[in-house]
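Starting from the known structure of chain A, arrange chain B on it as the hints suggest.
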Amino acid sequence: MTDPICTCALEERVRAALAQGGLEPELRAHAAGCSVCRDVVAVSDWMRQLRNATLEEYAAGARIPDAGVILERARSRRIPRGIDAPEILKPLRIYRRIALPAGLGAGIVVAVLNASSIKALLLSLPGLRTLISGLGSRPPGMSPASFGLFMMLAGLGLLSILVMAAATGIKQTQR
Amino acid sequence: MGFVRQLNERADRIRDDAFEAFYARTAPALWGYARRVCGDSALADDIVQETFLRYLNNVRPEMPERPRRAFAYKIASRLLVDNIRRHKAVSLETVEEQAARDAPLSAHEALSPDLKRLFVSLKPRDRALLWLAYAEGYSHVEIAEIYGLRAASVKVMLFRLRRSFAARLRDSGYRPEERP
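In the order they appear, the protein sequences are chains A and B. For the first sequence, our numbering begins at 1 and goes up steadily by one. For the second sequence, our numbering begins at 1001 and goes up steadily by one.
Next up, chain A with everything else stripped away, as it sits in the complex (with noise of 0.2 Å):
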């Protein structure tokens, strides 16, 4: 169970008047008889014993800057006004959120266009012809059901390195 909270009307007037210094006699009359006022009195004058011991030591031996080097670091540490850092960066954003579609846009545009280059260069590379006109047949001795599950592993195989190659190339466009 929480103990009950003790306070007195007078308490935020005494402790006010403690830091600024002492206490009027009719407050002073009035902590001698309250037992809160009392322990507001006792704090308060530890505490600003305590704090006139660190100012001491504040005097001795505290290094802190004079208020002009601190007005110099702050004028120094503050955007120029004017400056409009999202206009400024404007054009990147844009050119983030475009750059992958319009390249592979691009890429598709330039295949179709030379479409029949690109098939004479890629069948003209030796072992290229074999190895495509064998992926279509199936091997000697490989069962049809084999062959077929071969198949399918091998296009998911190949869908998933397109996919991941994607997914780095956009995470790295919107870093």
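Treat the hints as calculated values from the structure; they're not laboratory data. Hints are supplied without guarantee of correctness; some may be wrong.
[Claimed, not checked] Below, in silico cross-link-like pairs of lysine to any residue (SDA-like), each with a Cα-Cα straight-line distance of 25 Å or less:
id: 1; chain 1: B; residue 1: Lys1155; chain 2: A; residue 2: Leu27
id: 2; chain 1: B; residue 1: Lys1123; chain 2: A; residue 2: Arg38
id: 3; chain 1: B; residue 1: Lys1155; chain 2: A; residue 2: Asp45
It should be emphasised that the depicted structure is a prediction, and the values quoted were computed from it without experimental measurement.
Here is chain B on its own, set in the frame of chain A:
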């Protein structure tokens, strides 16, 4: 154009003078707050400097002085929390106790090492609350604003802290000074 530039320069000079005066009044107490909460005078130096840099770039100059000072304490408190979290591996108590041992005897004889240890044994946030309330005289509402808490919560926390701290002071034989 020349007239406008002159006016701007004059306004800057007035602002700079006002800041210099504010700095002279606030920096020692703010350093004391940082020093007693984090327990390390070098870290307090850094925190005070950074506090005023952030203060200059964020304060509304038309605010009255007391809220502006509270704003500086708010920045310092956030920096203290961040630094204490970052340097949790180093025991603040050990640093503070070592400093208390090495320090020359204080002119304030009532602050015996035992009583200093009493304060150091508190959690950093409790030290901060006690300091703001009883060394600087901030109200519950102002402390709540500085720490981003509800005023009612601050009142409860301060009540418990004050009661236990006062009991420990009494047990140590501490008697408040008689003042006019």
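Going down the list of hints, with the structure as the test:
| no. | hint | verdict |
| --- | --- | --- |
| 1 | B:Lys1155 - A:Leu27 | holds (21 Å) |
| 2 | B:Lys1123 - A:Arg38 | holds (24 Å) |
| 3 | B:Lys1155 - A:Asp45 | holds (19 Å) |
Violated hints for the displayed structure: none, as all numbered hints are satisfied.
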